[in-house]
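Number of protein chains: 2
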Amino acid sequence: MADFENIAKQFVEYYYKTFDSDRSQLAPLYGTDSMLTFEAAPSQGVASIVQKLVDLPFKLVQHQVATLDAQPSNAQGGILVIVSGALLVEEEKRPMSYAQTFQLVPRDGSYYVFNDVFRLVYPAA
Amino acid sequence: MADFENIAKQFVEYYYKTFDSDRSQLAPLYGTDSMLTFEAAPSQGVASIVQKLVDLPFKLVQHQVATLDAQPSNAQGGILVIVSGALLVEEEKRPMSYAQTFQLVPRDGSYYVFNDVFRLVYPAA
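Chains A and B supply the protein sequences, listed in that same order. Position one of the first sequence corresponds to residue 1 (the numbering used here), numbered consecutively onward. Position one of the second sequence corresponds to residue 1001 (the numbering used here), numbered consecutively onward.
No lab work stands behind these hints, which were simulated from the structure alone. Ideal Cβ positions, reconstructed from N, Cα and C, are used throughout, including at glycine.
Which stretches of chain A does chain B cover? Using the computed rule of at least three CB atoms under 8 angstroms from a CB of chain B, they are:
#1 74-82
#2 110-119
Residues of chain A clear of chain B, computed beta-carbon distances all greater than 12 angstroms:
#3 Q10
#4 E13
#5 Y16
#6 A47
#7 L56
Chain A on its own, in the form it takes in the complex (with noise of 0.2 angstroms):
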């Protein structure tokens, strides 16, 4: 596996794993400049972007990741993370498919989320 797909890996578990448990935590995880468009609402900063994920109209949640795909986005070391996955939010009963496509780019060695875009994905029939 290429070293782009395995933190593409890393990432989107621990990305989930804290996003379920107590997605405050996700701050580290964006910049000043990272943007966010969840289901078309655009948030810019961190502070934007969190105080959206912890505003999200559900207490209990869990996401149950597909597919995921991976591709180097630029010459800098930038990563494209694309999952689909279910959805599964206290008061329904059931999951919904979820599309999301995050842009990682390096930062002090490690990483950050530069492009964040979340769409849930309905049936077509």
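We have chain A; now place chain B onto it with these hints.
Below, chain B alone, put in the same frame as chain A:
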């Protein structure tokens, strides 16, 4: 609407119109360093990517875009374009949901597709 959003919208319209009429004509949209991951199968470079798309086991295909998100991907004018929608192919009676992520990168006063990741998204329940 910001410039990158207009570019994303125009790209998506052109891309799927071309894909659904004659996908061999997508070649000019890719470059030698372009990457495609189509249902986990990787291709790199114009010839390999277009061959992969042309070889897909259907002739009649129609993409119906449901959501379109865009974010700047770097300081050099790159644009992330994330689409979800429905895919109808000739032998299927029901459309399938899909998610596709592109990174567009400036080239010669226009853009080309540097990253392309396609996945069918199955109902979670």
